[in-house]
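All the letters of the sequence shown, read from the start, carry residue numbers -20 to -1, 1 to 445 under mature numbering (1 follows the signal peptide of the UniProt record, and there is no 0).
The hints are simulated quantities; they were obtained by calculation from the structure and are not laboratory data. Each hint should be verified, as a subset may be incorrect.
Stated by the list, open to error - Below, simulated DSS-like cross-link-like pairs (lysine-lysine); rule was C-alpha separation at most 27 Å, straight line:
| hint | residue 1 | residue 2 |
| --- | --- | --- |
| 1 | K44 | K340 |
| 2 | K395 | K421 |
| 3 | K340 | K374 |
| 4 | K421 | K358 |
| 5 | K421 | K392 |
| 6 | K340 | K395 |
| 7 | K340 | K358 |
| 8 | K358 | K392 |
| 9 | K374 | K392 |
As the list claims (entries may be wrong) - Pair ranges (Cβ atoms, derived):
| hint | residue 1 | residue 2 | range |
| --- | --- | --- | --- |
| 10 | P219 | D347 | 45 to 51 Å |
| 11 | D180 | P244 | 25 to 31 Å |
| 12 | N368 | A147 | 54 to 60 Å |
| 13 | V284 | G99 | 20 to 26 Å |
| 14 | E203 | S442 | 48 to 54 Å |
| 15 | D181 | G134 | 37 to 43 Å |
| 16 | P89 | P329 | 15 to 21 Å |
| 17 | E203 | T242 | 48 to 54 Å |
| 18 | T439 | F370 | 55 to 61 Å |
| 19 | S425 | E203 | 38 to 44 Å |
| 20 | P244 | T79 | 32 to 38 Å |
| 21 | P254 | I289 | 23 to 29 Å |
Glycine included, every Cβ here is placed at the ideal spot set by N, Cα and C.
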Amino acid sequence: MRILFYSMCFWLLFTGITTAQNSPDCRSAIPVCADAPILSETDGGGDIDDFDPDVIRQSGCLEKGSVASANIENNTSWYVFRAGTDGQIGFDIEALSSTAEWDFALYGPDVDCGAISSGNAQPIRCNYEVNNTDFTGIGVNPTNGQQGAPFLTGSQNTYDEWLDVTAGEIYYLLINNFNTNFDGDPEPFSLTFTGTSVDDDQNSALDCTLRDEFLGLDIYACEDDPDIVLSALNSPAGPDIINVTWSVDYEDDGTIDAVLATGPGATQLTVTSPNSGRYYVEIETSLATVITDDILITYYGMPVLDEVIILSDLSDSNNIEIVVDGDGSYEYAINGGEFQDSPIFLDVPPGENTVIINDKNGCGTTDPIPFLVVGYPKFFTPNADGFNDFWNVKGIETLVDPVVFIFDRYGKLLKQLDENTLGWDGTYIGNPMPSSDYWFKMEYSRDEQGIIVAKTLRTHFSLVR
């Protein structure tokens, strides 16, 4: 069991401290820079479970509690930053109260919140140890000089190792108060970035222009997610607001479709599912300046199979394409295999198969969906061992008026099959036919978009003894 140590913490007076709004949800993470310490607080678990309590039991070093209702998230704050230069980055998280117990997890580079919440992305730096010096972070503990090291349960090392970054990479930082926060009040902390990149130039170590995107990075949400709340208070103007105007371009085609709200009190906008679109905010300040930002919000639904297209029906290789009704980011697996990004599968076995479709934004995974591939085995072995003893066209029962004629290499008719025939056992007038290639011709009809189309196929297969 984890044991908490509480120690007194003295408030530090920083020059140039930045007071940041808190965001308890990953998808509305606060963009930050390294040019000043950030003073903030955590309060609650947010509007959405960034770690589904029924699915995600562990993310890196963060663990779900033993209580059924417990979650990895207690009182959380999410930040996002973009590397401004190549180099080394760290940070210090300092407790500014005697009742908080801080943990963190850092995700990246260039992952999205959907990958985090689904468990597909794991933290690259993480610490869950007791902060008996009031500090945790990446790099070196400023209190005792303890060097950061990879997380190890029970190590009592509250710092993880330095992070080497490349300019342009984006990282998400979760700061989490492990303590149950008995009094229910927000818990304060300070966040200060460190490392050689910051030592060289704290103004360029992280890309400070990311703060201009104060509405956050583009959001990909699921149709059953809670509402998304956009805030104008996260802008560089802070509370210095004379007027706010919100508008939306639903098609993201450059044309504003509607003004949603305007006025000095319109500091927040609630976006409900499934209203995808690009949302704009215009803020007027007391200094007669205008600050603007926009964010693209895209809602995705549960994957729905539209159809399975047979790309090479009844040919030497059965190739298929999975078509989904929706515009999510999907991956596919057939017959219990590994997921792949391409919806096209090659050499699918004839007969009944199954496909599973997963939305990579975390919006759901289908149960195995059966589909039928009409095809034929390329060989059969009529040796009475119970395996491949008969040859027939798989899925023949889905065709209209099918007839199959089997010939030897000289064109002699050996067998005629239909949808009610078990198959050919490799004999002719009771005599076993030798191992060889045999030809078949199939005549059938199929309902294609309401029109019955007559078709004929002629190819070959092998009898093996």
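Report task. Of all the hints given earlier, name the ones this structure violates by number, lowest first. Result -> 3, 6, 7, 11, 16, 17 and 18
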